[in-house]
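Enquirer: One letter stands for each residue in the lines below.
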Amino acid sequence: MNFLGKERKMIKEKVTIKNETGLHARPASELVKLASKFKCNINIAVGDKTANAKSILAIMSLGVKVNTEIELQCDGEDEETAIKEIIEAINNKFGE
Amino acid sequence: MLKGKGVSNGVGFGNIAILKNEDRVIEKKIVENPENEMKRFKEALEEVTKETQEIANSITGTEKEIMDAYLMIMQDPSLTMETENAINNLNYSAEYAVEIGFNSVIQVFKNMDDEYMATRATDIADIKNRILAQLLNEETINTSKLPPNTILVAKELTTSDTAKLNFNHVTGIITEIGGTNSHSSIMARTHAIPAITRVEDATKIFRNGDYVAIDGMLGEIYLNPTEEEKQKLLKIQSQILKENEELEKYKGTETKTKDGYKVELVANIGTPADVELVLKNTAEGIGLLRSEFLYMDSDSMPTEEEQFSAYKEVAEKMNGKNVIIRTLDVGGDKELKYLELEKEANPFLGYRAIRLCLDNIALFKTQLRAILRASHYGNLLIMFPMISSIEELREAKKILEECKKELDTENIPYKKDIKVGIMIEIPSAALIAYGLAQECDFFSIGTNDLIQYTVAVERGNEKISKLYTKYHPAVIKLIKDSIQGAHDAGIFCGMCGEAAGDELLIPLLIGLGLDEFSMNSNKILKARKIISQLEKSKCEKLVEKVLRLNSANEVEKKLKEFIENEIS
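Sequences listed follow chains A and B, in order. Sequential numbering from 1 applies to the first sequence in our numbering. Sequential numbering from 1 applies to the second sequence in our numbering.
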């Protein structure tokens, strides 16, 4: 992406969902709350589907189950902090 | 007169208010002014969101988490995208746009290959219905602002309906769907509101404002009652009031006989929400927490976390009082979809309760770990159901020890000396009571199953129901042996079957030395009153007499005689 003349790329990282119920209502709503704090665009990709991490419906409709690997994609000014904090929260099972 | 199933005792008079049902038809309509439709839609959405926010603020726990998730869904732009498109680009009326816009989202969830997600479709449908009701200016009953003397009528009352209900203004509840233990029945009993369920088409039969009188014990509803009917019900009402006032005296008092013999009077509960009723009736603890609700109400196996938070909630609310948690008692007749149990020829003699748990160790361990972890927050005890041999008890205890070791390695706190007991509900267990008592900390006699196994009568079979009686001398002998076995080994013996709350049997059980009586919360005060009028020595003499009798009828007669002479 061309951003203010600089060559920019979104950053991404793979992570495994460990919540026993997958990304169901509660963990999904925790994820949305966290993602909404950041300015950058945040997407979650599973297989050939991608969903906006700031939309609870989009995330729930991915139907991510336990032990599924997802790719977290962040793109925007605070992407570094965003990816770090979200990965950490996922690894902590959103405090479950 | 209409009849349903009475689920909460009492008499109520009042005017009907019907909570709208959801089978309306929305017709396609093209409008001239999409801006106006958009404004109507936004306002309706905002109103429903505000309502939900108010509910979410007024509740706690799992119910609040559900409401919070609802709120987030409502504020999600992808929920309304289709609806807004339909208004802006197709000039549909707000109502029709909501109908098709929300249905497309509902369809996505319905089609998902995941039962849990498919049920989320219901949540979105609920939001849709509330927005439509708002748009159509339907006279939705605002449950927080009901006029005094309202008889509430609904297909079924949900958590969000009852969360904001003004109970002081509700004099009765009538529902189409439900049972003794459904959410609204429990709420009704907690707040002492008469309630009747399984009244077919109730939301269609009545009209808002109809005057009715209901009897929540008999399940009878009188539309525009005659003077005679009114008088009859008023008489029942004043009797109930008098009895309740009389029982108020026994709130918070010690449970002991006239000659000073103390027993523990505790409650049976089915869900954490029942604790309110336990405390209100001043039960001294919980003698039976049926853990099945966690498994039956769910589409998948409840996780350790879900179980932990439910048990912890009860432990904390009971504030140091005993809480006996019975481990999973399903199988046979109580089905769990996700376990895929085979059909059996004799389910009551089959693969159920502890037998199933010992065969599915991972499932059993999940529950035991959850109970152990929650034991850190209160006084929990563990009870195994359906024990028929000493090997089963040893095996179950071994698995419990393994769980304790795991928690030790993980540095997770739990009550190290948590007490472990068993249900005595199979004759073989009653007959080896002393042996079992030497290897556990307490007994609780489950009379409902004990009777069926002793007299070989299936509980639910109407044709032979006459043979099913708690007064059978054989049943009484097994109860006596169980208590004796427990006391010889120095452990306490309780009872959590229906017999424990039976007015006729209480004196006999006192005479037999039963230490703990566990029953539904609404029977606690009555039982305390009865016990306070008894003398232990006389009850012991009653035991001697009853043990000489050979028929259930004779036993029942003798017990009636005793009660009539001793209780005022």
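In short, the hints are calculated from the structure, not lab data. Fair warning: there could be bad hints in the mix.
[Unchecked claim] Listed next, with one range per pair, are the computed distances between beta-carbon atoms:
(1) 71(A) to 435(B): 38 to 46 Å
(2) 292(B) to 47(A): 52 to 60 Å
(3) 144(B) to 16(A): 56 to 64 Å
(4) 316(B) to 78(A): 47 to 55 Å
(5) 29(B) to 71(A): 22 to 30 Å
(6) 71(A) to 292(B): 24 to 32 Å
(7) 389(B) to 50(A): 23 to 31 Å
(8) 18(A) to 89(B): 23 to 31 Å
(9) 95(A) to 560(B): 36 to 44 Å
(10) 111(B) to 71(A): 42 to 50 Å
(11) 389(B) to 18(A): 33 to 41 Å
(12) 76(A) to 201(B): 50 to 58 Å
[Claimed, not checked] Away from chain B, derived, C-beta distances all over 12 Å, residues of chain A:
(13) 11
(14) 12
(15) 13
(16) 20
(17) 24
(18) 57
(19) 58
(20) 66
This structure is a prediction, so every number in the text was calculated from the model and none was measured. Even glycine gets a Cβ: it sits at the ideal position worked out from N, Cα and C.
Enquirer: Would you mind marking each hint as holding or not holding in the structure?
Expert: Consistency of the hints with the structure:
1. 71(A) to 435(B): 38 to 46 Å: violated, 60 Å
2. 292(B) to 47(A): 52 to 60 Å: violated, 37 Å
3. 144(B) to 16(A): 56 to 64 Å: Since residue 144(B) and residue 16(A) have Cβ atoms about 45 Å apart, the given range 56 to 64 Å is violated.
4. 316(B) to 78(A): 47 to 55 Å: violated, 39 Å
5. 29(B) to 71(A): 22 to 30 Å: Cβ of residue 29(B) to Cβ of residue 71(A): about 44 Å, so the range 22 to 30 Å is violated.
6. 71(A) to 292(B): 24 to 32 Å: violated, 40 Å
7. 389(B) to 50(A): 23 to 31 Å: violated, 57 Å
8. 18(A) to 89(B): 23 to 31 Å: violated, 42 Å
9. 95(A) to 560(B): 36 to 44 Å: violated, 58 Å
10. 111(B) to 71(A): 42 to 50 Å: With Cβ atoms ~24 Å apart, the hint is violated.
11. 389(B) to 18(A): 33 to 41 Å: With a Cβ separation near 39 Å, residue 389(B) and residue 18(A) satisfy 33 to 41 Å, so the hint holds.
12. 76(A) to 201(B): 50 to 58 Å: Between residue 76(A) and residue 201(B), where Cβ atoms are some 56 Å apart, the hint holds.
13. 11: Per Cβ check, residue 11(A) is outside 12 Å of chain B; nearest 24 Å; holds.
14. 12: For residue 12(A), whose nearest Cβ neighbour in chain B is about 22 Å away, the distance exceeds 12 Å, so it holds.
15. 13: holds, 24 Å
16. 20: violated, 4 Å
17. 24: violated, 6 Å
18. 57: violated, 5 Å
19. 58: Since the minimum Cβ distance to chain B is about 6 Å, residue 58(A) lies within 12 Å and the statement is violated.
20. 66: Violated, because the least Cβ-Cβ distance between residue 66(A) and chain B comes to about 10 Å, which does not exceed 12 Å.
Taken one by one, the earlier hints fail for this structure at numbers 1, 2, 3, 4, 5, 6, 7, 8, 9, 10, 16, 17, 18, 19, 20, listed in ascending order.
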